[in-house]
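Visitor: Going down the list, the protein sequences come from chains A and B. First residue of the first sequence: 1, per the numbering used here; consecutive thereafter. First residue of the second sequence: 1, per the numbering used here; consecutive thereafter.
To be clear, the hints were calculated from the coordinates, so they are not data collected in a lab. Treat the hints loosely; a few may be bogus.
To be verified - In silico PhoX-like links for lysine-lysine, alpha-carbon gap of 25 angstroms or less:
1. B/92 to A/224
2. A/244 to A/142
3. B/62 to A/104
4. A/165 to A/290
5. A/224 to A/244
6. A/290 to A/244
7. B/92 to A/165
8. A/104 to A/290
9. A/224 to A/104
Unchecked claim - If you anchor each label on the Cβ, the simulated ranges turn out as follows:
10. A/367 to B/127: 46 to 52 angstroms
11. B/153 to A/290: 27 to 33 angstroms
12. A/345 to B/127: 54 to 60 angstroms
13. B/39 to A/195: 37 to 43 angstroms
14. A/188 to B/10: 56 to 62 angstroms
15. B/88 to A/25: 43 to 49 angstroms
16. A/290 to B/39: 44 to 50 angstroms
17. B/135 to A/248: 42 to 48 angstroms
18. A/236 to B/135: 28 to 34 angstroms
What the hints assert, rightly or not - Sample of chain B residues with no beta-carbon within 10 angstroms of chain A, all distances over it, derived:
19. 36
20. 116
21. 135
22. 142
Source: prediction; values computed, not measured. We treat Cβ as the ideally placed atom computed from N, Cα and C, and that holds for glycine.
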Amino acid sequence: MIDLAAAGDAITLLSANPMAWLVVPLGLLIGLTFGVLPGLSVPIAMAVFLPFTLNMDFLSAILFLTAIFTGGGFGGSVPAILMNVPGTTAAIATCFDGYPMARKGRHNEALGLALAASTMGTIIGYALLFILLEPISRLVLKLGAPELFLVAVAGLFLIAALSGKFFWRGVLAGALGLMLGTMGMSSSGIMRGTAGSMYMLDGIAVTAAIIGLFAASEIFALVKSDYIVTDASARQVKLSLIAKGFTGAFKYWYLIARGGLIGAAVGSVPGVGSTVANLVSYSFAKSRSKTGDSFGEGNPEGVIAAESANSSSEGGSMVALLALGIPGGAGTAIMLGAFAMHNVTGGPRFVSDNKDVVYAIIGGNLVQAILLAGLGLLFLRIAVTIVKVPLRYLLPVITVLTVLGSYALSQNMVGPITLAAGALLGLVMKHFNYPVVAMVIGLLLGRMMEGNLLRTWQLGRGDLTIFFERPISVVLLIVLCLFAILPFVMNRANETPKRQG
Amino acid sequence: MQYVMKHLSGAAGHLLLLAGFAGYAIWYVTDAWSAQAKAENLLLIGPAAVLALVVIAALIIKQVSRMVTGTSAEPSDDPLENLPPPNSFREKWGTPLSAILLAVYVLSVPFIGFDVATVTYVAICMMLQGARDWRIILPFSLLAGLLPVWAIELILSIPIPTTFL
Chain A
1 MIDLAAAGDA ITLLSANPMA WLVVPLGLLI GLTFGVLPGL SVPIAMAVFL PFTLNMDFLS
61 AILFLTAIFT GGGFGGSVPA ILMNVPGTTA AIATCFDGYP MARKGRHNEA LGLALAASTM
121 GTIIGYALLF ILLEPISRLV LKLGAPELFL VAVAGLFLIA ALSGKFFWRG VLAGALGLML
181 GTMGMSSSGI MRGTAGSMYM LDGIAVTAAI IGLFAASEIF ALVKSDYIVT DASARQVKLS
241 LIAKGFTGAF KYWYLIARGG LIGAAVGSVP GVGSTVANLV SYSFAKSRSK TGDSFGEGNP
301 EGVIAAESAN SSSEGGSMVA LLALGIPGGA GTAIMLGAFA MHNVTGGPRF VSDNKDVVYA
361 IIGGNLVQAI LLAGLGLLFL RIAVTIVKVP LRYLLPVITV LTVLGSYALS QNMVGPITLA
421 AGALLGLVMK HFNYPVVAMV IGLLLGRMME GNLLRTWQLG RGDLTIFFER PISVVLLIVL
481 CLFAILPFVM NRANETPKRQ G
Chain B
1 MQYVMKHLSG AAGHLLLLAG FAGYAIWYVT DAWSAQAKAE NLLLIGPAAV LALVVIAALI
61 IKQVSRMVTG TSAEPSDDPL ENLPPPNSFR EKWGTPLSAI LLAVYVLSVP FIGFDVATVT
121 YVAICMMLQG ARDWRIILPF SLLAGLLPVW AIELILSIPI PTTFL
């Protein structure tokens, strides 16, 4: 599976390329900064800096872009923990326990945990890519529309796990999210729900809507407080506490390993990526943990599970890019742009002909992950001072940045208007105990699910029994059935000893 | 005003929200149907709308039966909403006012530009949260309002609607 001669050539390539090592720390810092600012997503950072890669050689260019990707992946967890505003969609599950930890004055520890989990997650993702690049790419090629649809359905099943006692409200929010996500021009070219507006042709501005839905309830509720951390004595910024959180994460090595594996596997499925990976890992950790009841109240295990998965999904997403030449998401699509700028075409041929370059990209990313740990610690030292800033200064600035960021994304007023509408809806939904996250999952997966369902329908010539005719699809259906039955079985098992007691 | 707010945040508000959800589901599925009345167009939207409407009906029945029996709505899961009763103006009205403020800010941008709207928004937000000293409010709102607008225009080269910048 591993070509040792190519691996040796990759080391030579990396050590003989000082330019690569100059641009990697810069890329990490750019990614961290863009990740921290809600609204300014990592793909934006990569798109802004893509032209700069023209003057670099191919390896340096890809390492620079992946450094932005890696830095941004972790950067998104900072506002998620400190403000409950996910800096990127991949940091949604990080909010669930990271923010409650910050409210309790454990912000230093939470950020240290997230950094360690991100670093290790990235290492696991790329290490798996190094070992399993070829077999995984063969498997990904076998995933057709029915399988991709079923993977998305599995993502929606998480609604059940995350909605707790408000299960049916979660189902409703998820169904509405799916409908909102499919508005605009459909895969078959039909315009629905546009109300005659050309701005709605591309549908709802998803990132703006998600930031609005999530940020809203928290920012509006924080107006009543003076500081993020209410207790003045807990409002300290200590590098030693961040470092303690960082080292403490390794106690949960099994969570990091499991999150890393889940992230890499889910991340390799085109179109699903890190957003679903962190939710899958979080739900799995919650269902398996002995302290599962305290998830959502500031359990460190929740932060580790989410962060390790969203970081390792980066390695997973590179499978499709390198081995198949298919971008799995916006970030890898921009990297494909860099491939084109350097006259390189990704795909099986690229991997077999340039194994040394592929290994050098993977090796460079492994070193990047270690650099992220060092740079991230210093970066966090500055970022955490946010808890000392009175909210009367902080809240308007955060809101303004999200509004401007959403404008930058859509380049028209659709972004800010969607953000404000999402904010108001999120506030009302949270008041009436509707899980906002269910709507977000629906919004994210709606378009992809509809496209794949339509392709399945066309493949089966109007007959959906095709789901039962493909081996991988049948396996996925069985897994889905188990997902559906498992919570009831486990509830039953938990209730029996209670009754006996 | 307080009477209206009390009802809107209780059972009546919940029923209103469910009615809004139902209205949206019906409008969207009808719009999709009128755009193309074929199974392909409604493969996902159709089942999602049916599921949503069934759940909405069940939730309405549950809420109405609660109102009839006099049982109040369940307490919120949000710890910030379960705080003791508010005393100050900020605690009482801060959340709804900041929601309205954001909506007004966004809607005013096409008319007065991002620069003026943002500076005004930051200043009003600060006052809502208890800032009273104009020697701080004025320079901070100018800085926090103009700097990001300028940065987006200059660094990201994205043209945005402004009045002065």
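Visitor: Assuming the hint says 42 to 48 angstroms, is it satisfied by the Cβ distance from residue 135 of chain B to residue 248 of chain A or not?
Guide: Because 44 angstroms falls inside the window, the suggested range holds.
Visitor: In this structure, is the beta-carbon distance linking residue 188 of chain A and residue 10 of chain B contained in 56 to 62 angstroms?
Guide: violated, 44 angstroms
Visitor: Could one say that the CB atoms of residue 88 of chain B and residue 25 of chain A fall in the range 43 to 49 angstroms?
Guide: Holds: the Cβ-Cβ distance is about 47 angstroms, inside 43 to 49 angstroms.
Visitor: Can you let me know if the beta-carbon spacing of residue 290 of chain A and residue 39 of chain B is within 44 to 50 angstroms?
Guide: holds, 48 angstroms
Visitor: Please work out if residue 104 of chain A and residue 290 of chain A have their alpha carbons no farther apart than 25 angstroms.
Guide: Given pair residue 104 of chain A, residue 290 of chain A holds - Cα atoms ~21 angstroms apart, limit 25 angstroms.
Visitor: Is residue 290 of chain A within 25 angstroms of residue 244 of chain A, Cα to Cα?
Guide: holds, 23 angstroms
Visitor: Given the hint that residue 62 of chain B pairs with residue 104 of chain A, does the C-alpha gap stay at or below 25 angstroms?
Guide: Cα-Cα ~36 angstroms, so violated.
Visitor: So the hint says 54 to 60 angstroms: do the beta-carbon atoms of residue 345 of chain A and residue 127 of chain B match that?
Guide: Hint holds: Cβ distance 57 angstroms, inside 54 to 60 angstroms.
Visitor: Given the hint that residue 165 of chain A pairs with residue 290 of chain A, test it: the Cα-Cα distance must not exceed 25 angstroms.
Guide: Since the Cα atoms of residue 165 of chain A and residue 290 of chain A sit roughly 19 angstroms apart, the hinted pair holds (cutoff 25 angstroms).
Visitor: If you draw a straight line from the CA of residue 244 of chain A to the CA of residue 142 of chain A, is it 25 angstroms or shorter?
Guide: violated, 44 angstroms
Visitor: Verify this label for me: residue 36 of chain B is non-interface relative to chain A, using a Cβ-Cβ cutoff of 10 angstroms.
Guide: Since the minimum Cβ distance to chain A is about 5 angstroms, residue 36 of chain B lies within 10 angstroms and the statement is violated.
Visitor: Given the hint that residue 224 of chain A pairs with residue 244 of chain A, test it: the Cα-Cα distance must not exceed 25 angstroms.
Guide: Violated, at roughly 32 angstroms.
Hint compliance for this structure: hints 2, 3, 5, 7, 11, 13, 14 and 19 are not met, and every other hint is.
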